[in-house]
Amino acid sequence: MQDTIVMTSTDFAIQAEKVSVSYGSTLAVKDVFLDIPKNNIVALIGPSGCGKSTVLRCFNRMNDLIPGARVEGRITFNGQDIHSKQVDPVQLRRQVGMVFQRPNPFPKSIYENIAFGARINGYQGNMDELVERSLRGAAIWDEVKDKLKESGLSLSGGQQQRLCIARAIAIEPEVILMDEPCSALDPISTLRVEELMQELKQKYTIIIVTHNMQQASRTSDYTAFFNARATEQGGKMGYLVEYNRTEIIFQQPSQQDTQEYVSGRFG
Amino acid sequence: MTAEISRDTAPDLWKPNRDRSRLIEGIVKVICGAFAAVSIITTLGIVATLFFETLSFFGEVPFWQFLTDPKWTPLFASKQFGIFVLVSATVMISFISIAVAMPLGLLSAVCLSEYATPRVRKFLKPVLEILAGVPTVVYGYFALLTVTPFLQIFLPGLKGFNSLSAGIVLGVMITPMVASLSEDAIYAVPQRLRDGAYALGATKRETVTNVVLPAALSGIVSSLILAVSRAIGETMIVTLAAGANPTLGLNPFVPVMTMTASIVQVSKGDVPHGTIGYQTLFAVGTTLFVMTLALNIFSFWFVRRFREKYD
Ligand SMILES: Nc1ncnc2c1ncn2[C@@H]1O[C@H](COP(=O)(O)OP(=O)(O)OP(=O)(O)O)[C@@H](O)[C@H]1O
Ligand SMILES: [Mg+2]
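Chains as they are written, first to last, in my numbering: chain A, 1 to 267; chain B, 268 to 578.
These are calculated hints, taken from the structure and not from any lab test.
Among the hints, erroneous ones may be present.
[Said to hold, decoys possible] To list a few chain B residues with every Cβ distance to chain A over 10 Å, as calculated:
1. T310
2. A366
3. Y408
4. R461
5. G463
6. A464
7. V478
[To be verified] The calculated lysine-lysine pairs, modelled on BS3-like cross-linking and capped at a C-alpha distance of 30 Å, are:
8. A/K201 with A/K147
9. A/K108 with B/K282
10. A/K18 with A/K108
11. A/K203 with A/K108
12. A/K85 with B/K296
13. B/K471 with A/K149
The beta carbon of each residue, even a glycine, is placed where N, CA and C say it ideally should be.
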């Protein structure tokens, strides 16, 4: 049933093989296979509770921080197993950045919000330049250049989210995970973030969770559709239904469920 | 088309007793108001008493003398009223106590909220709060009979009554308060801020020191200020362990007399009502009141100024 695509290029940033995640004794997602090609945007879509965020959090081992969460299966980043002993999750998270659903700037100045990540990662270069470059990269420089000393919390929600993107790219990761980055934003800010993603794609690999079908079809190169089915224990278990190039998922998916979901006839 | 609302029950089954509800509302309001008024009136009464008695004190003792006299001897034949003799003792002891309580309290708060497992936290937090309920007289004798002799092993010059051990024990006494209130502030920092830091490759320590503690700063500072006002007003420990010997200066090894200890001395002795010695009660009380009020106003301002709002 898994429809794994065969890529000619072996250039994958992240590969997930038979990944299952459980919280305590409940299995949340089961047997996910996902290969994320470099410098592409991959969208994860699916109904609420099917485990998109859970899968996303596997890739930078944020699930380690949730008591009781357990990840099984094999995930490689640039060919290396991220669960092997040699991999330090702190180091991994430097290379696999994350932008959260709700903007979460630190209660520090705009400048410090950017500089924090660089500093803890031992950046020795010119901090002012790095801050400016990151803010420009996140298309927010012009709006904040005159108030770098002000609190990050003084910005609007959309600006805060772009500040968080700037913060993520400041440490120059290879992959950026975005969990519904636009769900708290207005349409104009959303559009700006989407444009931004197209630019970021040149340098980074992006995995984005979204509930917005247009956003997935507009921005992404590949789309993974997740769904959930009821288990005998009465819970819900998420699984990957179909993963393919975005235009195929949206125009001629091989699964009935996918067809219904992307066309909005899901129930 | 007429929109006919269909109901499942007959309308005459619904008979709200609006008059009675309104009456009960009114009675509840009056009762609550009366109880609120009692505490407000009491406070006003205390302030008024302090104010008028202090006024009549300053009718006899010039304010300038109150501020500049080098001694505090209101019960002697040669009377001097240098309040700074008492203030210096109180400030010094409070300082020592906060120097003890701040690191102890903050570290336990950080351990409890960031490092302890939920089960340990659930067990230790109430234990901490019980510690805050130990009677201060117990702490006082602990300072006098245990801590002082112990410190004298290392500090031979230490007198039997001294600010040092009173301050240390006072610090231990207010530690649970600092820990508990700071822990609340730290615990209230939203998880998504921590996640944001971890996602940038921060270690736990970096997350705590750079993100969590600054975010909880206003709560931590107000817990410290509350603890300082508690230390300034604390009576039993300082009376028992620091002595009753008004000394100007900041030497922690010798007996001193704090403001609260002087109030104890005057009120437990047989100082006749209406004499100048008796009125020092109110002058010292007012000074104490002004100091703690200033601290609380500062804390109020600080919290308003630096509190971060996370909806
Ligand atoms: N921290 C957690 N502890 C326990 N269970 C969790 C936790 N996070 C998620 N789950 C469970 O895992 C399942 C998948 O959740 P997840 O948040 O990954 O879904 P999602 O697809 O991101 O949903 P949404 O679209 O609503 O964000 C859900 O059943 C949820 O209850
Ligand atoms: Mg989610």
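Practice task
Hint by hint, work out which the structure violates, then give me just those numbers in ascending order.
Solution key: Hints 4, 5, 6, 7, 9, 10 and 12 not satisfied by this model.
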